[in-house]
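Here is what each chain is made of, one letter per residue.
4 protein chains.
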Amino acid sequence: MSVLTSPAPAVAARPTARAEGYQPVLDAAALNAFMARAFPHGPREHLARVDQVAPGEVLLSREPGLEHLRPGGIVSGPTLMALADAAAYVAVLAHVGEVAMAVTSALNYQFLQACPQETVRARASLIKLGRRQAVVDVRLFVDSLRHDVGQAVVTYAIPAAA
Amino acid sequence: MSVLTSPAPAVAARPTARAEGYQPVLDAAALNAFMARAFPHGPREHLARVDQVAPGEVLLSREPGLEHLRPGGIVSGPTLMALADAAAYVAVLAHVGEVAMAVTSALNYQFLQACPQETVRARASLIKLGRRQAVVDVRLFVDSLRHDVGQAVVTYAIPAAA
Amino acid sequence: MSVLTSPAPAVAARPTARAEGYQPVLDAAALNAFMARAFPHGPREHLARVDQVAPGEVLLSREPGLEHLRPGGIVSGPTLMALADAAAYVAVLAHVGEVAMAVTSALNYQFLQACPQETVRARASLIKLGRRQAVVDVRLFVDSLRHDVGQAVVTYAIPAAA
Amino acid sequence: MSVLTSPAPAVAARPTARAEGYQPVLDAAALNAFMARAFPHGPREHLARVDQVAPGEVLLSREPGLEHLRPGGIVSGPTLMALADAAAYVAVLAHVGEVAMAVTSALNYQFLQACPQETVRARASLIKLGRRQAVVDVRLFVDSLRHDVGQAVVTYAIPAAA
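Protein chains in written order, with full-length UniProt numbering: chain A, 1 to 162; chain B, 1 to 162; chain C, 1 to 162; chain D, 1 to 162.
These are calculated hints, taken from the structure and not from any lab test. Predicted model only: the values in this text are computed from it and were never measured. By construction, the Cβ of each residue, glycine as well, lies at the ideal position given by its N, Cα and C atoms.
If you want the footprint, here are the derived chain A segments under chain B, 3+ residues with CB under 8 Å:
1) 78 to 91
2) 105 to 111
Among chain B residues calculated to face chain A with C-beta under 7 Å, some are:
3) Gly77
4) Thr104
5) Ser105
6) Leu107
7) Asn108
8) Gln110
Build the full structure now, drawing on both the sequences and the hints.
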């Protein structure tokens, strides 16, 4: 995001370089089909939907249901963490393909503000995509709020086969 | 746990002191009743159950259902993170009471090994219970595996009212 | 960074909005003067230097010395974590001013690749700057490597006085 | 620590099992010799000292110097994180030996309270010691304070050679 905020060439150049370094191999349609197959037991209408795929990042969205609300009508923490987990997984999958099965090793979630019951969006950006490990930054937000509702860093171990 | 493994008086003494420092104000029955009221939309049979309360810690368990499984029949990450979140919340609630509403500020989860579909247990221990902030260590395990399946550190902000 | 990689207006718009939401109140010169006063015991030549300040973010750099190297001549983890800590602190300070003293509550650091002995740069971006809490994303990099060497999320508690 | 605080056999039994599962292969003297060789540039008197080794855990201590203090005379965050990093590394080293070189992949540190300038102790306990990954829980404390000053979870990648 420094692109818009910093005049420094060195700084502005890095996200570009980073993005150019990662090319997706699966598109949104292929990823949505995979997610539907992978989670057959989840209520279809609440599954996270892949909306966009770009070099180094993906954008997902999810419609929270009644069972995803905490007292006060705000979206529950586990619902937000589950979306962050799905978005990060999709970001890796989109760039390494279905062949390699990435295994989540850690998820660090920051709750930033209460999330109202509306479409929750997650943008997952690859911080690192190595042969053995992937690290993904996830930002969760809703259209009615200016600032993010949550942020996560998710780490994956990629099997040697990959 | 150093109590059993370390001969050092200074070391062994600390967990004791730490535990004595925190006295629960709610028992398992009161906590289960609160959880049932707090999450009316959750399928009752899958709610986390509070099994024990002790100074500075609580023990919960949860029976994973089909909808909580990943491909391969292992318990999904979001299900485990949700249990860790519930266990940490209950640990704080048990010691500060229902008056103060703790707000989760961060949850850092480590996936340690695949979790088979059986009763998942979570032991949540207070690392810090301050006037404004609480930090809780959570260990998730199942009876059929010797080592933990997951570990989490959960941080709460406690409103000034508390 | 989605600005360059994603065609989605909603996505592209957010970093802008986020950046516009945070206006610095101290410039690089003022921040460097503060750092020099705040850490009188640190060897001057190894102090982190504030190179740029922009809405919502700052850029720092540090020259690692011999005592900052691990076997193999790579920059040590504690040196990188110290730079991430300084960069995040400066990002908050730049936007809230010296009046309020932010207290670090958590630092979560991801080691991404070995860091050679050259100028290490840190870009710290505000994820959240609330009345009571600030959350900062930090990326560490060196000019000779295309990808980041480290990433951190740093959380601060801001005293009520603020 | 549940051993002293919980009456539950299932709970009390686990730390024992966990500890019995991990047997150290290096003692404190061997570890101190290794640390001295590994960090030749560090001022000897400020090096972390390994005080005890037990199944699944180690105890280290460090004397903070003037250059490790923040304004107000409290021990700086980077000094505490460096001790946590050293303690976790020593815990792994003590159990896998010098042959395998563990590489830190993440360090998540919680600042719990201000740390006065006195001997800082760190107890590092293995949460997981796998073929490819190790996860360590670290508690930092000083003798004059009842509660811990900090807590960390440190994750290591262990090369295939191990």
